[in-house]
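Asks: Sequence:
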Amino acid sequence: MAGSAQEPDLVRDRDPFDRTLETLRLRLAQAGPMQGAPLPIAGLADELGVSPTPVREVLARLAGEDLIVRTPHGYAALLHDPARVAELYELAGVLVCAVVQSRGMDPAAFDLNAPLAAAQTAPNRALARACARVAAQLAPLARAEAQLFAAPPGAGRPLTAGASQRSALVRAVRRHFARRAIQSGRILAVALGLIKSPRI
Numbered sequence: 006m007a008g009s010a011q012e013p014d015l016v017r018d019r020d021p022f023d024r025t026l027e028t029l030r031l032r033l034a035q036a037g038p039m040q041g042a043p044l045p046i047a048g049l050a051d052e053l054g055v056s057p058t059p060v061r062e063v064l065a066r067l068a069g070e071d072l073i074v075r076t077p078h079g080y081a082a083l084l085h086d087p088a089r090v091a092e093l094y095e096l097a098g099v100l101v102c103a104v105v106q107s108r109g110m111d112p113a114a115f116d117l118n119a120p121l122a123a124a125q126t127a128p129n130r131a132l133a134r135a136c137a138r139v140a141a142q143l144a145p146l147a148r149a150e151a152q153l154f155a156a157p158p159g160a161g162r163p164l165t166a167g168a169s170q171r172s173a174l175v176r177a178v179r180r181h182f183a184r185r186a187i188q189s190g191r192i193l194a195v196a197l198g199l200i201k202s203p204r205i
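Residue numbers for the sequence shown follow the numbering used here, beginning at 6 and rising by one.
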């Protein structure tokens with residue numbers, strides 16, 4: 006009983022910055038493209054039950070990670086466009102290929118169904134962090150991407166062993182992200198609810 010009585014106190018005593026950061030990251034990832042919607046500090050502070058200071062600090066951090074933007078009037082959600090989305094998919098492809106080619110990465114254990122997530126487990130921590138950042142930037146488009154792209158048969162299965170395994174995986178990763186870059190406008194349109202489309 007004593008443990009359960011203390012549990013609410015632990016939740017209440019969490020650092021307001023960490024709690025605010027976790028909440029806003031999750032919202033940005035799950036909301037889909039918010040297309041420049043304002044992010045008012047006072048309104049968010051009231052809603053989250055914290056003072057404006059941690060909200061201001063969190064928004065500044067998220068802007069530094071290119072997840073939101075600072076405007077003359079405060080902070081706002083990103084305004085996505087097909088060119089920016091294509092660039093993010095191209096960058097993701099470059100980073101994931103670098104992870105696959107990096108020392109210590111086992112190509113046989115790499116999951117092609119979720120290459121950005123798999124890349125975040127890379128032994129090279131700098132590459133893993135860069136992949137996590139791009140994954141966060143692409144997160145608002147994840148549902149639309151899943152609606153449009155079916156995983157190819159055997160995508161998650163290990164490739165044949167041997168010297169060609171790593172190069173085959175690099176080619177598969179390039180194809181994965183190139184297809185998405187080419188279809189960036191369609192992905193964005195589905196994410197915004199402008200079109201409903203079967204898988205490509």
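Bear in mind the hints are in silico, worked out from the structure with no lab data behind them. It is possible that some hints are incorrect.
Pairwise CB distance ranges, derived in the manner of DEER restraints [claimed, not checked]:
| id | residue 1 | residue 2 | range |
| --- | --- | --- | --- |
| 1 | 57 | 155 | 41 to 49 Å |
| 2 | 27 | 176 | 17 to 25 Å |
| 3 | 54 | 78 | 20 to 28 Å |
| 4 | 79 | 197 | 45 to 53 Å |
| 5 | 79 | 54 | 37 to 45 Å |
| 6 | 155 | 179 | 14 to 22 Å |
| 7 | 54 | 126 | 33 to 41 Å |
| 8 | 58 | 148 | 30 to 38 Å |
| 9 | 84 | 35 | 13 to 21 Å |
| 10 | 66 | 41 | 28 to 36 Å |
| 11 | 79 | 173 | 42 to 50 Å |
| 12 | 69 | 43 | 30 to 38 Å |
Subject to a maximum C-alpha distance of 25 Å in a straight line, what follows is the list of computed SDA-like cross-link-like pairs (lysine to any residue) [said to hold, decoys possible]:
| id | residue 1 | residue 2 |
| --- | --- | --- |
| 13 | 201 | 151 |
| 14 | 201 | 137 |
| 15 | 201 | 176 |
| 16 | 201 | 91 |
| 17 | 201 | 32 |
| 18 | 201 | 92 |
| 19 | 201 | 65 |
| 20 | 201 | 86 |
| 21 | 201 | 61 |
| 22 | 201 | 141 |
| 23 | 201 | 54 |
The beta carbon of each residue, even a glycine, is placed where N, CA and C say it ideally should be.
Asks: Taking the numbered hints from earlier one at a time, note which ones the structure violates and give those numbers from smallest to largest.
Replies: 2, 4, 5, 10, 12, 14, 15, 19, 21, 23
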